[in-house]
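Q: These protein sequence lines map, in sequence, to chains Y and R. First residue of the first sequence? That's 0 in the working numbering, and the numbers climb one at a time after it. First residue of the second sequence? That's 11 in the working numbering, and the numbers climb one at a time after it.
Source of the hints: derived by calculation from the structure; they are not laboratory data. One thing to keep in mind: the hints can contain errors.
To be verified - Computed footprint of chain Y on chain R, listed as stretches where at least three residues anywhere in the stretch have a Cβ under 8 Å from a Cβ of chain Y:
1) 50 to 64
2) 216 to 224
3) 427 to 434
4) 492 to 502
In this text the structure is predicted, and so the values were computed from the model without any measurement. Even glycine gets a Cβ: it sits at the ideal position worked out from N, Cα and C.
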Amino acid sequence: MQTTLRILRFNPETDRRPHWAEFTVEVEPTDRLLDALNQVKDTQDGTLTYRRSCAHGVCGSDAMTIDSGNRLACKTLMRDLGRRVTIEPLRGFKVIKDLVVDMDSFFDKYRLVMPYLINVGEPPPEERLQSQAERARFDMTTKCILCGCCTGACPSYWANPDYIGPAAIVQAHRFLFDSRDQGLWARLQVLNTQDGVWRCRTVFNCTLACPREIEVTKAIGEVKRLLVRSHL
Amino acid sequence: MIYTFDAVIVGAGGAGLRAALELGPLCRVAVLSKLYPTRSHTGAAQGGISAALGNSEEDSWEWHMFDTVKGGDYLVDQDAAEVLAREAIDSVYELEHWGLPFDRTPDGRIAQRPFGGHTHHFGQGPVRRSCFAADRTGHMILQTLYQQCVRHDVHFFDEYHVLDLLVEGGAVAGVTAYQVRTGEVHTFRAKAVLFATGGMGRMFRISSNAHALTGDGPAIALHHGVPLQDMEFFQFHPTGIYKMGILITEAVRGEGGILLNKDGERFMERYSPTMKDLAPRDIVSRAIYLEIREGRGIGGKDYVHLDASHLGRKVVESKIPDIADFCRTYMGIDPAVEPMLVQPTAHYAMGGIPTDVDGRVVIDEQNTAMPGFYAAGECACVSVHGANRLGTNSLVDLVVFGRRAGRNMADYVREQELPPLPAGADGPSRALVEGLLASRGPERPAAIRCELQSEMMDNVGVFRVESQIRHAVDRVRALRERHRYLSLQDRGRQFNTELLEAIELGGLLELAEVTATSALARKESRGAHSREDYPQRDDVTWLKHTLAYRTDAGVELRYKPVTITRFQPKPRTY
Numbered sequence: 000m001q002t003t004l005r006i007l008r009f010n011p012e013t014d015r016r017p018h019w020a021e022f023t024v025e026v027e028p029t030d031r032l033l034d035a036l037n038q039v040k041d042t043q044d045g046t047l048t049y050r051r052s053c054a055h056g057v058c059g060s061d062a063m064t065i066d067s068g069n070r071l072a073c074k075t076l077m078r079d080l081g082r083r084v085t086i087e088p089l090r091g092f093k094v095i096k097d098l099v100v101d102m103d104s105f106f107d108k109y110r111l112v113m114p115y116l117i118n119v120g121e122p123p124p125e126e127r128l129q130s131q132a133e134r135a136r137f138d139m140t141t142k143c144i145l146c147g148c149c150t151g152a153c154p155s156y157w158a159n160p161d162y163i164g165p166a167a168i169v170q171a172h173r174f175l176f177d178s179r180d181q182g183l184w185a186r187l188q189v190l191n192t193q194d195g196v197w198r199c200r201t202v203f204n205c206t207l208a209c210p211r212e213i214e215v216t217k218a219i220g221e222v223k224r225l226l227v228r229s230h231l
Numbered sequence: 011m012i013y014t015f016d017a018v019i020v021g022a023g024g025a026g027l028r029a030a031l032e033l034g035p036l037c038r039v040a041v042l043s044k045l046y047p048t049r050s051h052t053g054a055a056q057g058g059i060s061a062a063l064g065n066s067e068e069d070s071w072e073w074h075m076f077d078t079v080k081g082g083d084y085l086v087d088q089d090a091a092e093v094l095a096r097e098a099i100d101s102v103y104e105l106e107h108w109g110l111p112f113d114r115t116p117d118g119r120i121a122q123r124p125f126g127g128h129t130h131h132f133g134q135g136p137v138r139r140s141c142f143a144a145d146r147t148g149h150m151i152l153q154t155l156y157q158q159c160v161r162h163d164v165h166f167f168d169e170y171h172v173l174d175l176l177v178e179g180g181a182v183a184g185v186t187a188y189q190v191r192t193g194e195v196h197t198f199r200a201k202a203v204l205f206a207t208g209g210m211g212r213m214f215r216i217s218s219n220a221h222a223l224t225g226d227g228p229a230i231a232l233h234h235g236v237p238l239q240d241m242e243f244f245q246f247h248p249t250g251i252y253k254m255g256i257l258i259t260e261a262v263r264g265e266g267g268i269l270l271n272k273d274g275e276r277f278m279e280r281y282s283p284t285m286k287d288l289a290p291r292d293i294v295s296r297a298i299y300l301e302i303r304e305g306r307g308i309g310g311k312d313y314v315h316l317d318a319s320h321l322g323r324k325v326v327e328s329k330i331p332d333i334a335d336f337c338r339t340y341m342g343i344d345p346a347v348e349p350m351l352v353q354p355t356a357h358y359a360m361g362g363i364p365t366d367v368d369g370r371v372v373i374d375e376q377n378t379a380m381p382g383f384y385a386a387g388e389c390a391c392v393s394v395h396g397a398n399r400l401g402t403n404s405l406v407d408l409v410v411f412g413r414r415a416g417r418n419m420a421d422y423v424r425e426q427e428l429p430p431l432p433a434g435a436d437g438p439s440r441a442l443v444e445g446l447l448a449s450r451g452p453e454r455p456a457a458i459r460c461e462l463q464s465e466m467m468d469n470v471g472v473f474r475v476e477s478q479i480r481h482a483v484d485r486v487r488a489l490r491e492r493h494r495y496l497s498l499q500d501r502g503r504q505f506n507t508e509l510l511e512a513i514e515l516g517g518l519l520e521l522a523e524v525t526a527t528s529a530l531a532r533k534e535s536r537g538a539h540s541r542e543d544y545p546q547r548d549d550v551t552w553l554k555h556t557l558a559y560r561t562d563a564g565v566e567l568r569y570k571p572v573t574i575t576r577f578q579p580k581p582r583t584y
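Isolated chain Y (complex conformation):
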């Protein structure tokens, strides 16, 4: 089937502002949007620029705004799109070139929440024990691939780029609810601030955007409640 890709393009070396370009491709309904982009790059215009690696939704490279929603191009099939598809760089991020955005501040915020197990005790010679229920408590947020779809979909983040953003809170959640972790107080100093969790207005855009089906808004809510409880 024939599909037209309408792509917002920007070349920092020649363009003063972004502009639209259209490409028509012949695709199978089961092709990924990434396959269609590859077809354009391979056969029509080698200058088209985007990130991609795993091509099956686990590395998080090809997050972009597809028909107004933040998604992974490799997890979006052509059969689920119309005959005209609008593709823009991931909303909420500064554009470097075409569909490539600047992820530096995103990863800076990730680092702020101390995204690693904090446990000051000497580990046992074998594994630490953890019950199946304790392990299940934080399973959802272990799935995050740091693609940026959620943060880029958040109106609070659009309004205030200093907001730590849903992805960083998801990472914090993964440790705060891990029975082996002791970093609650250290992390709450970061999360219980003006640009921490309280900028979340529970819009649910993040949950809708997540390609890993993480209930991001729910996780943020759990962190908020933990914050409140910890202050009582």
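With chain Y fixed as given, assemble chain R onto it according to the hints.
A: Okay, now just chain R, sitting in the frame of chain Y:
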């Protein structure tokens, strides 16, 4: 710019990050990745990491070692396999201590499940050895190692693409790298360099490998007189998604899934009476090809069914949730109800840059080390996988040998002075970039890549025969020649991915020539190298490692002996 470090690591997957954690506290180390580290393909590994913890039933590292040696069809260096099996146990506990969220047994220990080729009592039957976190074990390992690197302030250079290895007087002096965002070529001086650049599966059309897996490290090593070992051994994973190649983990079969042909017959019972669907991957992939060839593919086509519907929704959604997601997304089916459509997919290079058990690159038949040069992970060949890697052993390889390489490098850089920078160190790298940007030839990189992938898939795949491999050798050489006459459409400096793809393709073509040439020479069938014209394993002539060198005259092959300690070669049946 010229940066100076004690050690430089190229590649931020499991092996690179694990090595960085050894070096970080002891010296100045930089980690270069052409992606963001969390995009590395370690994150796509699914089923588990084996270690004889014995949490669910009796197990021992000797059995793990034996399985690894037999799985590799006795081409495994047994001193290395012993290290792998012994140190796997401690390495898995270490990951748990760093927070890796393993699934748990009812008593709170790390959960384990069966996997292909892993047995108890030296082959008596399947054993639960694979430690797992649902079907996203690699994701958890990559995340956990990266988290620890963040904790220890490891210095990362994200989206820096390595171009060259700097060598001065036979010793490593650093690397050059292309900063993707700016297009600048930088020089990184170092006393030691670790290549942990991952696989090269993108030389095949149907592959489970990420687009990024183009063998950059091995291709560069080849240019500096370093041989590549056992490159004819390339693993085809039995169960890739039909036409797409996306990996469907062996854990589906570990959890009880079975392969069926068009008659609904569980055909693995015929090929492997003891292990059945949990036979090693080379055996299962060949069985699928034979079923298809004899007309028992589904609907006469080139795929078979992988059925997990009898496991029940609870097992499917809890033990293989990502697989269920892939099935829904890419096949439009529910694996708790319907069978999956699968065919073998190019998956893993057993061969690579030869190293000793401390990650030191060794460059000849006497295992002479090249000072300061290290390799670990899929781009390396220790050799623990021999002629065929067992499932889960790649993740073990990353953490065990990443750690050993890091420790050895830390000792090495403490005793060494920084080598002088070779004259014109970045000259070849700049010439490569400028040459491609200025090129005005008739060829497009994508067209050559496409032809390469089809040629390798069709003629150097699961089954091989002399005439076809010879065809591939000639064709790849012709493609290499055409690659000299490229023309790029993108002549910009910033984020020029077309330029990088052209560079990657150049390396991939060289590796394909080495793979095909090594395969043509090896006149026997062993592990993943299956010659229809030489169907038997021939230990008298061929129980030896291939070393392939690049010379002006083409690929030159030499051989070195296999290290055998505990287990003498025997016929390999399952």
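Q: For each hint, tell me whether it holds in the structure or not.
A: Hints versus structure:
1. 50 to 64: Holds: 5 residues of the region 50 to 64 of chain R have a Cβ under 8 Å from chain Y.
2. 216 to 224: holds (count 3)
3. 427 to 434: Per the Cβ count (0), the hint is violated.
4. 492 to 502: Since three or more residues must qualify, the claim that chain Y covers the region 492 to 502 of chain R holds, with 4 doing so at under 8 Å.
Of the numbered hints listed earlier, the single one contradicted by the structure is hint 3.
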